[in-house]
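Peer 1: Letter by letter, the chains look like this.
Protein chains: 2
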Amino acid sequence: MTTVKEALEIILNNAINFGVEEVDFLNSVGRVLKEDIVADCDFPPFNRVSMDGIAISSEAFNKGIRAFKIEGIQAAGSQQLILQNTENCIEAMTGAMLPNNTDIVIQYELLTIENGIARVNLDEVKNFQNVHLKGLDRKVGDILIPTNTLISSAEIGVFATVGKSTIKVAKQPKVMIISTGNELVEVSDTPEEHQIRRSNVFTLVSLLERLNIKAEVTHMADDKNSLLTKISALINEYDVLLFSGAVSKGKFDFIPEVLSNLGVEKLFHQVKQRPGKPFWFGKKENKIVFAFPGNPVSTFVNCLKYFYPWHYKSVGLSFENKNQAILSEDYYFKPDLTYFLQVKLTQKEGKLFATPITGKGSADLTNLVDADAFLELPDDCSNFTNGEVFSILSYRSF
Amino acid sequence: MTTVKEALEIILNNAINFGVEEVDFLNSVGRVLKEDIVADCDFPPFNRVSMDGIAISSEAFNKGIRAFKIEGIQAAGSQQLILQNTENCIEAMTGAMLPNNTDIVIQYELLTIENGIARVNLDEVKNFQNVHLKGLDRKVGDILIPTNTLISSAEIGVFATVGKSTIKVAKQPKVMIISTGNELVEVSDTPEEHQIRRSNVFTLVSLLERLNIKAEVTHMADDKNSLLTKISALINEYDVLLFSGAVSKGKFDFIPEVLSNLGVEKLFHQVKQRPGKPFWFGKKENKIVFAFPGNPVSTFVNCLKYFYPWHYKSVGLSFENKNQAILSEDYYFKPDLTYFLQVKLTQKEGKLFATPITGKGSADLTNLVDADAFLELPDDCSNFTNGEVFSILSYRSF
Chain A
1 MTTVKEALEI ILNNAINFGV EEVDFLNSVG RVLKEDIVAD CDFPPFNRVS
51 MDGIAISSEA FNKGIRAFKI EGIQAAGSQQ LILQNTENCI EAMTGAMLPN
101 NTDIVIQYEL LTIENGIARV NLDEVKNFQN VHLKGLDRKV GDILIPTNTL
151 ISSAEIGVFA TVGKSTIKVA KQPKVMIIST GNELVEVSDT PEEHQIRRSN
201 VFTLVSLLER LNIKAEVTHM ADDKNSLLTK ISALINEYDV LLFSGAVSKG
251 KFDFIPEVLS NLGVEKLFHQ VKQRPGKPFW FGKKENKIVF AFPGNPVSTF
301 VNCLKYFYPW HYKSVGLSFE NKNQAILSED YYFKPDLTYF LQVKLTQKEG
351 KLFATPITGK GSADLTNLVD ADAFLELPDD CSNFTNGEVF SILSYRSF
Chain B
1 MTTVKEALEI ILNNAINFGV EEVDFLNSVG RVLKEDIVAD CDFPPFNRVS
51 MDGIAISSEA FNKGIRAFKI EGIQAAGSQQ LILQNTENCI EAMTGAMLPN
101 NTDIVIQYEL LTIENGIARV NLDEVKNFQN VHLKGLDRKV GDILIPTNTL
151 ISSAEIGVFA TVGKSTIKVA KQPKVMIIST GNELVEVSDT PEEHQIRRSN
201 VFTLVSLLER LNIKAEVTHM ADDKNSLLTK ISALINEYDV LLFSGAVSKG
251 KFDFIPEVLS NLGVEKLFHQ VKQRPGKPFW FGKKENKIVF AFPGNPVSTF
301 VNCLKYFYPW HYKSVGLSFE NKNQAILSED YYFKPDLTYF LQVKLTQKEG
351 KLFATPITGK GSADLTNLVD ADAFLELPDD CSNFTNGEVF SILSYRSF
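Chains as they are written, first to last, in this note's numbering: chain A, 1 to 398; chain B, 1 to 398.
Computed Cβ-Cβ distance ranges for the label pairs, DEER-style:
hint, chain 1, residue 1, chain 2, residue 2, range
1, B, Thr-218, A, Val-20, 30 to 36 Å
2, A, Phe-268, B, Glu-124, 29 to 35 Å
3, A, Glu-21, B, Asn-261, 44 to 50 Å
4, B, Ser-165, A, Gly-387, 40 to 46 Å
In silico DSS-like pairs for lysine-lysine, Cα to Cα no more than 25 Å straight-line:
hint, chain 1, residue 1, chain 2, residue 2
5, B, Lys-313, B, Lys-214
6, B, Lys-69, A, Lys-249
7, A, Lys-360, B, Lys-139
A partial selection of chain A residues facing chain B, derived with a Cβ cut-off under 10 Å:
hint, residue
8, Val-158
9, Thr-203
10, Ser-206
11, Gly-294
12, Asn-323
13, Ala-363
Keep in mind that the hints were calculated from the coordinates and are not lab data.
Just so you know, even glycine gets a beta-carbon here, dropped at the ideal spot from N, CA and C.
Make a model of the complete structure from these sequences and hints.
Peer 2: This is the structure in structure tokens:
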């Protein structure tokens, strides 16, 4: 059987570049930048006043002058003034250009102003005191944000500053999420005794929304011919199909057979893990199929463990899940499988601790609500000890 | 001067409940639940088959029977079958109702089936083997998700399962974000020598979007009369005004005076911190005003440190920022102020490390791109040592 490590490798080897699109800069958070963002001028673009006060010539100060006649006010957003008499001063505001013939600013807190004269109570000043020098932060042409950066609020301000009102980002795959299973009814329906409502597809929609993918959903009955026709159409129209259910050993688990009939190459079926073992993965040319088992916890963990990194790599993020947590109590799991243990996370003094929240198995979706993450316990061990560190797949942001 | 701790206390004491609204369950991620979500039936709602195989009576097995004639197939989504002869079996699929007169399922892997007879190679079976018993996870009426939960993808599946196609969530405040400063031009404009483009308001829009608040933006010139008229209108229409700029000691820093003229009560002005010291906070009846200093890093850190927790408390999340990181090198900061040090975060073995990324001061917005978070260094100390643990304000999710 395919190990978790092998499965992930196969999946990452099948990452696909979906190209580039241009979006409004304000709609780009969570997307992956596909161009270098370059300084269109020096940062700051001029010698900028960084405290409210008076701008003077340090030469005058060093000559012993401590009382400066105010010639005018240099406001932010006004053209640069010129200090006419270098033994005078100009009041200068934060964000303004430093007036010509001045090189330092003395803040109001250190002044007394009376009858148009500013008096300074200082013995010495520093070079360019309270002046943010032109080009100090970055020079024109510097790369401010490199391509393949995951965009956060911090980048938004830089886009605005350099005048990028639209930016190039990785295009998203077109994804269809498909539930199967005759036992499923709509959310708004009242199930009969032998039925349950559809839920996995909505969980998947929501998990993909975290990646900024707007997926579509549909449902198919457990009928081989109808599956063939419908999936055949979808695989032409979408880049990725995500299935939930019908991949195990049941009499109506038609998905692997139907996909094979449609020429989708199986890259693996069944992974040495719990939950989520019956996972099927394949491709047809540049179309990718993730067929997850139908149990809610299986679908959930497989999406985090496999679809997420596949997507990160596809959009150009260098992927490596470095998130780890410290197991906070001993745990025993015998089967020779990688076990995705549901855990509650707690932070303490810069350390992340994982406490097992053992549910009633992969069908117990309410347990997902009580936990925050999955702790990945490797298959080559059965006894896991308080204090040991393992990888985590977290699904909460708070 | 107000300390950081006092400022936060004052802000949290002015949290406001904006009520409740009903949204489509699929649009609820990141919102705060405002009703208990209750199991509408037992979970699972029936004795559910959890492996594909044959359903038999354990009594027959215990009498020594190992070959079972197959009476039929119990599919998921079909009404419950009845095993007519309790020494026979019914093939039963994952997700199906357990047939009447059976109590265990033996999976296909342990069977050989020939000529309609399933032979079992087992010495013993467990009670209710491969059966997920009705009500084992939760009972009808159990609270599955309590009110005031921050909704993630995990909750979405539960909403669907219990048939909640719309759910009650905390209503968001109506927020207007206002830039001031005559030096500012639009993102699509080319600034003249003394100008720069607007950026803070867009950073704030994006920071508020992380809280699922869709804020609006506007700009006002540094003109006292025009500010009076415009702010007067906005304070009637919006729950919260966020300003960026014009709160310091400059000649054109009219915001505190104008707010005071409009009857907005100042709750504090200036906080013992760097950056972001000139922060002004006030209220008028149930309207709240956050007036942040205009430097990009100041605005950014103040939004994370003050607006975020104010919002968490307003929507009913029990707020306590437990996020901490371990300083990875010695750092010295002399002034008697809380210092929000920009840091890069790295995870290692379940520990979170913070490495200083010292920029060129609060106007250096490109430095936000190079960092991930702010480390909050307290004001009662100047020497901070490698290995010490401090609170962080992180702004990246990856």
